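Q: Residues per chain, in single letters:
There are 2 protein chains.
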Amino acid sequence: MTTVTSVDARTGKIRMVVGEESTHRDVDATCARAAFAFPTLEAMGRDGRARLLRAMADGLEDERAAIVAVADDETALGEQRLDSELTRTCFQLRAFAGALEEGSYLEATIDHAAPTPMGPRPDVRRMLVPVGPVAVFGASNFPLAFSVPGGDTAAALAAGCPVVLKAHPSHPATSRLCFDTMTAAAAEAGAPEGTLGLLYGRQAGIDLVRHGAIRAVGFTGSYRGGRALFDVACSRPDPIPFYGELGSVNPLVITPAAAAERGSEIAAGYVDSFTLGSGQFCTKPGLAFIPAGKAGTQLITEMADRVRQLGPSRMLNAGIHDAFVADCERLSNESGVEVVATAAASADANVASAVLYATRARDFTERVLEECFGPAAVLLEYSDEAELMDALGRLKGNLTATVHTGDDETDLPARLAGVLIAKAGRLVWNGYPTGVAITHAMQHGGPHPATTNPLHTSVGTTSIRRFLRPVAWQNAPQAVLPPELRDVGPAIPRRIEALPTWTHR
Amino acid sequence: MTTVTSVDARTGKIRMVVGEESTHRDVDATCARAAFAFPTLEAMGRDGRARLLRAMADGLEDERAAIVAVADDETALGEQRLDSELTRTCFQLRAFAGALEEGSYLEATIDHAAPTPMGPRPDVRRMLVPVGPVAVFGASNFPLAFSVPGGDTAAALAAGCPVVLKAHPSHPATSRLCFDTMTAAAAEAGAPEGTLGLLYGRQAGIDLVRHGAIRAVGFTGSYRGGRALFDVACSRPDPIPFYGELGSVNPLVITPAAAAERGSEIAAGYVDSFTLGSGQFCTKPGLAFIPAGKAGTQLITEMADRVRQLGPSRMLNAGIHDAFVADCERLSNESGVEVVATAAASADANVASAVLYATRARDFTERVLEECFGPAAVLLEYSDEAELMDALGRLKGNLTATVHTGDDETDLPARLAGVLIAKAGRLVWNGYPTGVAITHAMQHGGPHPATTNPLHTSVGTTSIRRFLRPVAWQNAPQAVLPPELRDVGPAIPRRIEALPTWTHR
Chain A
952 MTTVTSVDAR TGKIRMVVGE ESTHRDVDAT CARAAFAFPT LEAMGRDGRA
1002 RLLRAMADGL EDERAAIVAV ADDETALGEQ RLDSELTRTC FQLRAFAGAL
1052 EEGSYLEATI DHAAPTPMGP RPDVRRMLVP VGPVAVFGAS NFPLAFSVPG
1102 GDTAAALAAG CPVVLKAHPS HPATSRLCFD TMTAAAAEAG APEGTLGLLY
1152 GRQAGIDLVR HGAIRAVGFT GSYRGGRALF DVACSRPDPI PFYGELGSVN
1202 PLVITPAAAA ERGSEIAAGY VDSFTLGSGQ FCTKPGLAFI PAGKAGTQLI
1252 TEMADRVRQL GPSRMLNAGI HDAFVADCER LSNESGVEVV ATAAASADAN
1302 VASAVLYATR ARDFTERVLE ECFGPAAVLL EYSDEAELMD ALGRLKGNLT
1352 ATVHTGDDET DLPARLAGVL IAKAGRLVWN GYPTGVAITH AMQHGGPHPA
1402 TTNPLHTSVG TTSIRRFLRP VAWQNAPQAV LPPELRDVGP AIPRRIEALP
1452 TWTHR
Chain B
952 MTTVTSVDAR TGKIRMVVGE ESTHRDVDAT CARAAFAFPT LEAMGRDGRA
1002 RLLRAMADGL EDERAAIVAV ADDETALGEQ RLDSELTRTC FQLRAFAGAL
1052 EEGSYLEATI DHAAPTPMGP RPDVRRMLVP VGPVAVFGAS NFPLAFSVPG
1102 GDTAAALAAG CPVVLKAHPS HPATSRLCFD TMTAAAAEAG APEGTLGLLY
1152 GRQAGIDLVR HGAIRAVGFT GSYRGGRALF DVACSRPDPI PFYGELGSVN
1202 PLVITPAAAA ERGSEIAAGY VDSFTLGSGQ FCTKPGLAFI PAGKAGTQLI
1252 TEMADRVRQL GPSRMLNAGI HDAFVADCER LSNESGVEVV ATAAASADAN
1302 VASAVLYATR ARDFTERVLE ECFGPAAVLL EYSDEAELMD ALGRLKGNLT
1352 ATVHTGDDET DLPARLAGVL IAKAGRLVWN GYPTGVAITH AMQHGGPHPA
1402 TTNPLHTSVG TTSIRRFLRP VAWQNAPQAV LPPELRDVGP AIPRRIEALP
1452 TWTHR
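Respectively, the protein sequence lines represent chains A and B.
Number 1029 in the working numbering belongs to position 78 of the first sequence; there are no gaps in the numbering.
Number 1344 in the working numbering belongs to position 393 of the second sequence; there are no gaps in the numbering.
Source of the hints: derived by calculation from the structure; they are not laboratory data.
There may be inaccurate statements among the hints.
To be verified - Partial pick of chain B residues on the chain A-facing surface, computed with a CB cut under 8 Å:
1. Val1080
2. Val1183
3. Cys1185
4. Pro1190
5. Pro1192
6. Leu1378
7. Ala1388
8. Thr1390
9. Ala1392
10. Asn1404
11. Val1422
12. Pro1428
As the list claims (entries may be wrong) - Using C-beta positions, here's what the derived DEER-type ranges look like:
13. B:Ala1064 - A:Ala1365: 14 to 24 Å
14. B:Ala1065 - A:Asp1359: 22 to 32 Å
15. A:Asn1284 - B:Pro1071: 41 to 51 Å
16. A:Ala1020 - B:Thr1361: 49 to 59 Å
17. B:Ser1215 - A:Glu1139: 53 to 63 Å
18. A:Arg1437 - B:Glu1216: 18 to 28 Å
It should be emphasised that the depicted structure is a prediction, and the values quoted were computed from it without experimental measurement.
The C-beta atom is built at its ideal place from N, Cα and C for all residues, glycine as well.
All chains, full assembly: derive it from the sequences and hints.
A: This is the structure:
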């Protein structure tokens, strides 16, 4: 058995032993409990699960001080950031509770029997039902909002799916505390045992994705880890959907008008955004396209000044620190790439220095398009619109793409939108992509390699859709229909006689 | 080069040479044309594509006589059936045109900027956009409705995705004629060249799924073929969604009350349904659960009588005929399975005899759960509810599950619904699963092995969702937004301020 230890991110010392890595037998037992819990969790209904999510949010808030303290020890993200991350996490759970009560996520539809050109059509009613137990993998950089109590968990529970969590190895004690808190809240809210399960260890994660009871996977993490687990999910005898939110370089374009009109403001905003949280965000704007010429040169100078004034950047753990240092070394040695500015250095463990690189947009290399997780960014100088468009065409898929425009624009912004829509799931205008609002309209996900499935989001209330499948009832008696599809049903949005009009020549 | 020939399904003789199997270079060129057509097809907008779909329907109807004749030669399905299949196909294209005009499929959502517990939230607007060129594989058993002019093509074009078709080898001339007709209609409707492409040959199909320009795949066919192509789609450097509609045994349950109250009617209906179209439907009810006892025995006797009175069943082609005969032989030799009745035999080429088998629900083998494509069905006798529930629990995923109930029921139907919802995408009550209405509420798809992705449907207007991905615009100027997301937009359903209410303690 391998011991699971909680490590202090600032000192590198072991804080405590959290437990043992989960065995095959643990995975089996945990998944079996989830499968057993599934019908009962579903039978709690929308109102019951809304109460469950709110009870979890309340429970987490009751433990706020303890959770923030242990998360800070394990991640060094700082108490202020973690306090606000916990607020976000509880908001998220409550937002999904609201979505459950509102009910439109079910896509309830009733098409009554009717004549058609092919003869009479039966009564058909459709809504979404939960897929079954879901596996959720916690992320290193969000010990709360994208880990045990995070968005994937909230979405799966809202859908009616029990969740088996794989704790991230860099914050096992935070994972355990959140799990215990939520499990206690679940019991009080009347949810079945097995509604949540928790596993530790790399092999347990692989076994979890392979387990027959698991019907879908939510993952946030590195491309390499995510792709390996995606391959496991697809090679099962019965493949299951794998929703992996992976790497992204999040390109940001500064138009000539934007550079001319408000260069200083953009220089400040951009450096703040790419170094926020030591650059450890999947939405970090890692590539910025800067116009050549006087305004662009001034912009680069101002960015460089700001980077040189930055203090040291503490990283989440030794592994991430070392990977960042190695990425920076590779970038520094890349042909055509030069270091524009470096922040103050520090001899402390796991502390890095922010770096600003620059290269030409016309001939950047593949390496420049690879995510560098940490406080680094690459500026790409473009001489004209053709060069810019050509460079944007070479981008891969991203979570976000950002455009900074000026007041005095031609139709360049519209043309940029046309190119960038193929490259990202969220287009940000005159702002920064770090910070992902929890709204119904949010999209967090994009073309490969940003996610393994660009058809869905992992943030916002429509992320529930990942864990639901449609079922149609044909000519069903009222008594066997779910309440939401009965003639007299609860007050939720429903589409009735939804087939669009058709014409027949 | 390998010649592609059109074969007469009744005589086995070559009717004509349709062309050559597509080479790597053909695949490349066709996919490149599709990629080139993509932005123009999307720019036609919802109204432009609605006109395109209607023009295609009109064009197909203009060629009705020729299409029905060649399809009948190639499939032997009969002119009446094919005439009605063409009507369905045109209805389907027009239904999607209607869905485009109605516009709710875009899921347009506007969340204005607002305060939240985490600070101010930006303006976020979301809608679905086309994924890019889509590959569509034609099915053997529906030369029109699930082939070149079929549902996958209609859904992808509606979404705004060019379609590259892989013709099914058993009806290449039908595929070609439909393709030519639709391509001419597309040109007249102002769609770009490359909106549709057509390929022949097994290797071309594999190359197509691997091609970098292809962003999703729609497939209807066998489990083996579908799974192989699914594996190709998942093992790409950039995996793409693969929507495979594969095999299904479509269980049908007859309750004791149903058997007692209307056994004769059910016997007639069931034999009609499993032998319709020579049993060559993915929705054929291949397994029927019959209560032991007097009413059940009488039901089996009446079914057997009806099967013995059936004429010979002409199969789609020699391969399907031979596979059916081999499947029947294996079933006949299966332990516990007995032949109850066989229809008249015929010495004609590609003509089979319907067969009715029976076994005990308590100990049926895996083989009984495998799809047998053709006019065969297995009756499973159950002695009591526990045995029935246990047997249903052993079923795999299906496209449909059907229940026949009587007037005099306890809560058995509700309990059956509870078990069957995990096993199928459509629950049919007191009817038969063959015949899939094109409605908004339809679900055609179910848990593995019925489909490779149970979260979507391949019939009905919501099947468009397979070929769309969400994009969010954050703080975007009006000019760069799609019309559907502007403050003053077209008259389509939109959700505004859609985030459900939340409470904060």
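Q: Have a go at the Thr1390 (chain B) hint: is there a Cβ in chain A nearer than 8 Å to its own Cβ?
A: holds (4 Å)
Q: Check the following: the C-beta atoms of Ala1064 (chain B) and Ala1365 (chain A) are separated by a distance inside 14 to 24 Å.
A: holds (22 Å)
Q: Minimum Cβ distance from Pro1190 (chain B) to chain A below 8 Å?
A: Hint holds; Pro1190 (chain B) Cβ to chain A Cβ min 6 Å, cut 8 Å.
Q: Under 8 Å is the threshold here; is the Cβ of Val1183 (chain B) close enough to any Cβ of chain A for the hint to stand?
A: The hint is violated - Val1183 (chain B) has no Cβ within 8 Å of chain A, the shortest such distance being about 11 Å.
Q: Quick one, is the Pro1428 (chain B) hint okay against chain A at 8 Å, beta carbons?
A: holds (6 Å)
Q: Is the interface hint for Val1422 (chain B) satisfied, with its Cβ closer than 8 Å to some Cβ of chain A?
A: Nearest chain A Cβ about 6 Å off; hint holds.
Q: Would you say the C-beta atoms of Arg1437 (chain A) and Glu1216 (chain B) sit inside 18 to 28 Å of each other?
A: holds (27 Å)
Q: Against chain A, with CB atoms and a cut of 8 Å, does the hint on Ala1392 (chain B) hold up?
A: holds (4 Å)
Q: With respect to the beta-carbon atoms only, verify the hint that Ser1215 (chain B) and Glu1139 (chain A) lie 53 to 63 Å apart.
A: holds (56 Å)
Q: Given a cut of 8 Å on the nearest C-beta pair, is the interface hint for Cys1185 (chain B) held or broken against chain A?
A: holds (4 Å)
Q: Hint check: is the beta carbon of Pro1192 (chain B) less than 8 Å from a beta carbon of chain A?
A: holds (6 Å)
Q: Does Ala1388 (chain B) pass the interface hint, meaning its C-beta sits closer than 8 Å to a C-beta of chain A?
A: holds (5 Å)
When each numbered hint is compared with the structure, a violation occurs for hint 2 only.
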